[in-house]
Each structure stands twice: as C-alpha cells, then as structure tokens.
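Q: Sequence:
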Amino acid sequence: MARAPELRTVQVIRYVTPLREGGSLPALAEADDEFLYVLKFRGAGQGPKALIAELISGEIARLLGFNVPELVFAELDEAFGRSEGDEEIQDLLRASEGLNLGLHYLSGAITFDPLVTTIDARLASQVVWLDCLITNVDRTARNTNMLTWHKELWLIDHGASLYFHHNWESWEGQSRRPFAAIKDHVLLPWATELEAVDAEFRERLTPDRIAAIVALVPDAWLTDASIPGTPDEQRDVYFQFLTTRLAASDLFVNAAEHARKALV
1 MARAPELRTV QVIRYVTPLR EGGSLPALAE ADDEFLYVLK FRGAGQGPKA LIAELISGEI
61 ARLLGFNVPE LVFAELDEAF GRSEGDEEIQ DLLRASEGLN LGLHYLSGAI TFDPLVTTID
121 ARLASQVVWL DCLITNVDRT ARNTNMLTWH KELWLIDHGA SLYFHHNWES WEGQSRRPFA
181 AIKDHVLLPW ATELEAVDAE FRERLTPDRI AAIVALVPDA WLTDASIPGT PDEQRDVYFQ
241 FLTTRLAASD LFVNAAEHAR KALV
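If you use the numbering used here, the sequence shown corresponds to residues 1 to 264, in order.
Hints listed in this document are in silico derivations from the structure and should not be mistaken for laboratory results. Take these hints with a grain of salt, some might be off.
Now the in silico label distances, taken between C-beta atoms and shown as ranges [stated by the list, open to error]: (1) Asp33 - Arg202: 17 to 25 Å; (2) Arg94 - Pro228: 35 to 43 Å; (3) Leu7 - Gly65: 13 to 21 Å; (4) Thr118 - Asp77: 42 to 50 Å; (5) Thr244 - Asp33: 20 to 28 Å; (6) Pro189 - Asp77: 28 to 36 Å; (7) Arg14 - Thr117: 31 to 39 Å.
By construction, the Cβ of each residue, glycine as well, lies at the ideal position given by its N, Cα and C atoms.
Model the full assembly from the supplied sequences, consistent with the hints where possible.
A: Below is the structure:
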C-alpha cells in the first residue's frame, strides 16, 4: 500500500517581504525550521478555498511525479502582525491567524518560458492532463506558474484550480465537463501524447490515494457558512469531484486534443 502523504507544520517567525505579483498578497516568510517559504494566507482574496486548492492539487501533482515545492502547514501567531507598519499587510496577518499554507522557497528559480526552454511532448502532455483534471485556469502564456530550478521544471501556484468550490451546488455537473480553458494553456501546442499519459495517470491516481490527499485538508479551512455539511462531508465532495472527473477523463482528453489541433 502506498504511504499516505504527510505535511509538516512550521511556526512562522519572520515576515520577510510581500510578493506583490500575487493577487492575494502572498509573502516570503521565515519559519522556525530556518527555511524560507512562500506563504499563502487564509485571510486573503479567495480565503481558505485557495489554500485547499493549492494543497489538494499540489499533492496530486507530487503523487503523479511532478516537481512541486514542499507544502507545509504554517502557523501564524496572533502577535505576529503587531509590528508590521503596512496597514494592508497588518490587516491580512490579523485575518490569517492560525493555520496557513507555505511552499518551500526555491531560491534562484526563474520563470519558465517555453520560447527559451524546450520541453518534450511527454512532459507537456502530463502537465496539460493534470491541469484538465484539477481545472487549473492559471497556466497561461501570461502567467505560466512554472519555474525552472536546477535545470528542471517545477509546478507552483495551484490556488485557482478546483474552482467548482466557488459554486458548490453544481459540483457534480462540473465534474463531468470538458475543461474549456485548456485552449489557453501555455503547453498545449506540445501536448501530443495525452492518450498515453491518460492511461498512465489513471492507473497511478487510485481512489485510495485521492482520499488520502483530500484527508489532509484541515477542519479549520472548511468553515464557510454558505457551504453545507460537516468538514468530513465537504472533504467527501472534493473526493467525489476528483474521482468522478477521473473516471470521465476521456471527455477532457478529447477536448484538449481538439483544442490543440485547432492551434497547430
């Protein structure tokens, strides 16, 4: 049996600098393990939903063999933001007390540019397939959300995926739809091996493995009063969405193939 994924928990000890290019004001922060993390705040933008999407999608990507920065639970103490001079950041820190999400900072990494770095058809197909599964709208030429680090491709920033949870009641219908936004995917022109990748990834991504990843989502992030059900019932919807979508993967694979042929 595959080992269940685990996330370490760190204590944030120093706010280093805001990363203004992020729409939800992520920040570079130091934790008590002496590492730097890109910190995603539960009190920002889309709130805990972005953290849930980041966690589930990032760990699915890791399971499928992609390079993904280590994800950690990041505890933010209530006193942490008192010395922050920027009022906007101070408000964000106060709204994010408790459990947040951190991604290990890849020092020296550069933004992936397909016009500069050649990527093979297999890897391009794997990334496209993943983003179809998790409905990730944020891997475009304008914002690739991929890095080159030590000559390898790394995937980052999955907070815009699993967008069904912004319209919770329609999750079942959305789980069986092709992914229309794939037409804008930065790697789509090179994704010529989608059928082979589909067979490989469907075998690897078993229901037990999906369940183990979804189980990582903490109760503290499942507190939206507009969403019905207990935390366990909400986690089950994420599980059902992903397993239903996986079972109907031919829909999004065929749509992606059609979109690619329209480009080339």
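Q: Okay, which hints does this one fail, numbers in order?
A: 1, 2, 5, 6
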